[in-house]
Amino acid sequence: MTNANDPLRIEYAEGPSGLRIARQSPPPGAVTFSATYVGPAGWAYDAPNQEGIARLTTHLLTSGAGARDRIALARFLDRAGGTLTAQCDPESADVTVWGPSSSAPALLGVLADAVQRPRFEASDLARVRRQMFERQLRELAQPGSRANRELHLTIFPRHHPYRTTGMGDHRSVGRLRSTDLSRFHARHFTGDGGLLVVTTATSARSLVRMVRRLFADLPSAPPPPLTLPKAAGGPPKDVTIDLPGHRQVEVRIGGSSIARSDPSYPAAYLADEVLGGATLLSRLFTRVRSKGGLAYHASSHLEAMRYGGYWVAQAGTGTERWRRVVPMLRQEVARIAGESIPSSELDLVRESRLGEVALALESTSDAHELALDVAYYGLAEDHWVTWPSVLRSLSPAEVRRAAEVALDRRRSATVVVGPVGGA
Amino acid sequence: MESFRLANGLRVLLAPLEGSPTASVWVWYQVGSKNEHPGITGASHWVEHMLFEGSPRYGKGAIDRAVIQVGGELNAFTDTDFTAYFSTVPRDHLSIPLDIESDRMTRALLTDREVERERTVIHSEREGNENWPEFRVEEETYQLAFRVHPYRWDALGRREDIEHLTPTELRAYYQKFYGTRNALLVVAGGFDPRSTAAEIRRRFSKLPPSGADVTVGHPEPPARGERRAELSGPGTTPYLQMAWRSPALHDRATPATMIIDTVLGGESRMFSAGPGWGRAAEHPSARLCRALVDTGLAVRATSEWRPRVYPGLFTIQTQAARGVPLDRLEDGIEAVVDRLAEKGPTSLEMRDARTRIRRGAALAYEGASRTGFRLGYFAVLGSPAYEDRLFSQLLAVRAEEVRDRARELFRSDSRVVVRYEPTGGGADD
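Protein chains in written order, with this note's numbering: chain X, 1 to 423; chain Y, 1001 to 1429.
If you're looking for bench data, these hints aren't it; they were derived computationally from the structure. Don't take every hint at face value.
Stated by the list, open to error - Listed next, the stretches of chain X that the computed footprint assigns to chain Y, with coverage defined by at least 3 CB atoms under 8 Å from CB atoms of chain Y: (1) 23 to 32; (2) 205 to 216.
Unchecked claim - In silico negatives: residues of chain X with every beta carbon more than 12 Å from chain Y: (3) 17; (4) 18; (5) 20; (6) 47; (7) 49; (8) 103; (9) 165; (10) 172; (11) 224; (12) 229; (13) 290; (14) 291; (15) 309; (16) 393.
The model shown is predicted, which means the values in this text are computed figures rather than measured ones. Every residue, glycine too, gets a C-beta built ideally from N, C-alpha and C.
Extracted from the complex, chain Y is given alone in its bound form:
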């Protein structure tokens, strides 16, 4: 892998893969919903949509057309801490995504007309999510847990802000944050690194240095007691989600927290294994599955710790089995976390967790797209070398550290509990 930085601040990572028939171009911006404030929530996600809607050399639809007509694929996604855009093309067409990204990095048009047209699309995306109780529960959990920090709202933004955010405000947000200083360009696949580096310098060096500081200056104060919410809505399954304040990615407690996630839920997102990105639905040997699903209390139970730049949440997500009261399910979850905090993981669990982490790390880099994703993901959240450091730390964590971390993590005064009781709908037809 080769890395360099242009004079305008743009960071570049090149990962040539010998024999790869494709090339994948990723641009990661350190801009996400963490950089929004009430009134403009959802702006990062909206900008993500708008960067496909026109820039000086690419009119509306031209970006899609340029990539698709050579057999490539493209998309983008927005998170709390970053936004990522990618195109994967046959390797002979690498210049196309490089040209697109250099054109829209600082000069996307965001015209009034296109911003207005996209408003209903964004509404529709949010409405589609709201059809799922899981989304409602997740959104409520973060809203309860955070009162000051921007993690309080979902990256999709609040409904009322989507309604009222103006094209002028959106352009101002884009012009403030989207620029070379906050961007990371990753190219992976079959290409010649020397000529590609030269092409990148030629295309991107002329962009002016831009991109305001993306640091969030308002830390969330410590929680001073449990917070609870009872939701109800359409559906047939009761949900119960519990959450606790958890460390930021670079905290020294992160490796032990990731082991807790692996012991309880089966794997940790950053080192999950499988042919796709994401977590498997069910891990039979994980504690939550054994204690809740196997015993008939739940039909699904898992945990999740998401890597975040700032302190976030460790969550346990469950769906109750038919006829099981949520009180009983909550008792069941508490028993699982209390036991881990009291006795720590077994030696077998520690061995299993390390095995899964090794597996996830070993198989994560197959193909240009996955390589581009993974390199960029670690680099935008930390540094390109951060994965190796974290991997070593994870393998070195001791069971007692995990136990101590569980005691610190699962404190009742930082706990958030959200229950969802279904009102029915559809099943009686």
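The shape of chain X in the complex, shown without the other chains:
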């Protein structure tokens, strides 16, 4: 193994029951450790009439496991100095433990318990269910979350997992029992099909030994691969929803997009960054906020996942300004795919994004995100080492061509939600 201490290089190994292990060294000077289990347990696997089960199950993994109930687990984490969090996405669910390097073995044990031996106690289920009911309602009532929801409903066909946020409805979540959750858990938090990413100074050999011991109870059989319904042929419909009483109107323009494995992903990533990515120099930010003074936030985002993706250009603005902002977003989306990007603009955005990788090495938790990305998408061990040369090799023409497909305005929808009156 070469450069084993370089946090930009990932080492892969085989764990119990087919579990894939990815190890990353912590950044220089780091005093913390982080580990994440990722399982094929996203809401794409929700069964009919059980919508919400993936989210509910994932959330409850942090509410007591093994010999520790929720309170005992919280106190144990306090003493070890760690945190335990869980997150559910369309395709996968993940559980992350973080804390001081000195507590790494104990914290990895907590993660192993959470993944393999959750308690799903009735009182915890009742509490999390109440919280989920509230989130279901809030998703409908808040302009921002409602706009996101409506965009996904309009661009993805029925039964497509990217169409929802996986929270189900009052009826589907209300009927779920602990036994349902246990069954879902056994089928989806598996070794084969699962992934463990660990950012630690512990050697790969010692880590594998520890993981084999701690995760020995993982079932091996993974759920079948996902097959997602194809998007409908015609362009999606535009949507406008009046939510009176609010102060700001949320605008979304977006459509379905490419998967992370698509060869054009690096070019599409750059196109999105030029359009409205993280930098304050993006076209949307510059035109809508810096020059136009029309909105506080204006940005874009390309979400490329394992099985597909989506893109969105967005802004939040006042009731008297949204009609000016919508055409601005549309024009910029059209321009990114219709005109060649000046080299100077592309170079600036490219270098800023490469710098982001260097800044991620400030802390274990940030560096861990890099490793998770590599491991989840099955990228090469040296992905982040070669990433600069990949991005620097892309021409403006390649970036424009990628935008035509990945940020395709012809198959996009416009969603406007907020106090729009009779618009």
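Chain X is already provided as a structure; the job is to place chain Y on it using the hints.
Frame of chain X; chain Y shown alone:
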């Protein structure tokens, strides 16, 4: 860590981190919404925006470009008591943020045209916040609790002041307060302290001494009774927030108040642990969570004591579970605070609180950006050594002191209660 002060009053803290690939530059001004008055509320926040919009060597957009093109990141934020600007860059580019900060510390342009353009952006930022019931409740709470002191308004400013504040007024505010005497420069990360100190002296020593006194001269008189407000607005969840007058950061009651925050809400902001800055959403062992969330009265319940230069508020924030009347939730909160005031924390709670504080202190300094933030935060509110002193005091607090402090804190005559009843919206589609 190395610290020194220039002849013009600028305080400097240097925290070299061996092996760090980045350098983080923070400028903290002891200027915040506490220095505003009705008519110019929101001025500090507006100045924060304008300091990205042009100075002699950096025209509009040039600051962003200079930092971003070397792969750095930058931003700023405004609080009641301070405003902070930061840039984190690969360590070889440390000169860039130092040059920017020396250029805009006293010479930002704030042209009429750019101030006017930013007005709608500021409106939009406020409107985005107003979309959230939590913001409305929080703003109402402070407006009710304070009648004289500038903590009465949010750092974003009042809507009518954002509408009417003039470029001339904004420039006058900037020229009055933003200067070397009220600034603290913190540099953390991979750099050579000797050459960096020399560079700082070279760039900043030529700035004239400036910055008017930022002391607030109008203390809030004692409250003489409970204050209540009933709000309604769009949404689906009822909110209930209760607040009590609480001590300033340097009050001797602060350590016990922070333990109360930890016992009730799970952690205290200045020593919260986690990979990011901020509080965890839920602490299962905290009293409010156990008494209100676990029992089905609320879907969220937490407490917050924010460190302030002047006496502020201790708040309890809750969202009712579906079908639970706010009266019942209010009774539940009262029972929790009454019990703490009557019996104090248990020995197990005291042990848990100390454990969390130790954890928060131990893990807070990973990376140049976090180090720059934390050093500057304590220094701008107190002194660089204040964190160590507070940490020791926190570990020494006894359960009886916490009980006595709770009795003093949770007095009904200084209580503020704000309820938010949702009018619906969206859920019926």
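Coverage criterion applied to the segment 205 to 216 of chain X (partner chain Y; beta-carbon cut 8 Å; 3 residues): violated (count 0)
Residue 172 (chain X) remote from chain Y - nearest C-beta pair above 12 Å: holds (16 Å)
Least C-beta distance between residue 20 (chain X) and chain Y, which was stated to exceed 12 Å: Its Cβ never comes within 12 Å of chain Y, the nearest being 23 Å, so this holds.
Assertion that residue 165 (chain X) lies farther than 12 Å from chain Y (Cβ): holds (14 Å)
Beyond 12 Å from every chain Y Cβ - status for residue 17 (chain X): The assertion about residue 17 (chain X) holds, with a minimum of 29 Å to chain Y.
Non-interface claim for residue 49 (chain X), where every Cβ of chain Y lies beyond 12 Å: holds (21 Å)
Claimed clearance of chain Y by residue 393 (chain X), with the beta carbon kept past 12 Å: Answer for residue 393 (chain X): holds, closest chain Y Cβ roughly 18 Å.
Whether residue 229 (chain X) stays farther than 12 Å from all C-beta atoms of chain Y, as the label says: Its Cβ never comes within 12 Å of chain Y, the nearest being 24 Å, so this holds.
Assertion that residue 291 (chain X) lies outside the chain Y interface [Cβ separation over 12 Å]: Violated, since 8 Å does not exceed 12 Å.
Coverage of the segment 23 to 32 of chain X by chain Y (three or more Cβ within 8 Å): Held - the segment 23 to 32 of chain X has 6 residues with a Cβ nearer than 8 Å to chain Y, which meets the minimum of three.
Status of residue 18 (chain X), Cβ more than 12 Å from any chain Y Cβ: holds (29 Å)
Beyond 12 Å from each Cβ of chain Y, as asserted for residue 290 (chain X): violated (6 Å)
Checked against the numbered hints listed earlier, the structure breaks hints 2, 8, 13, 14; every other hint is satisfied.
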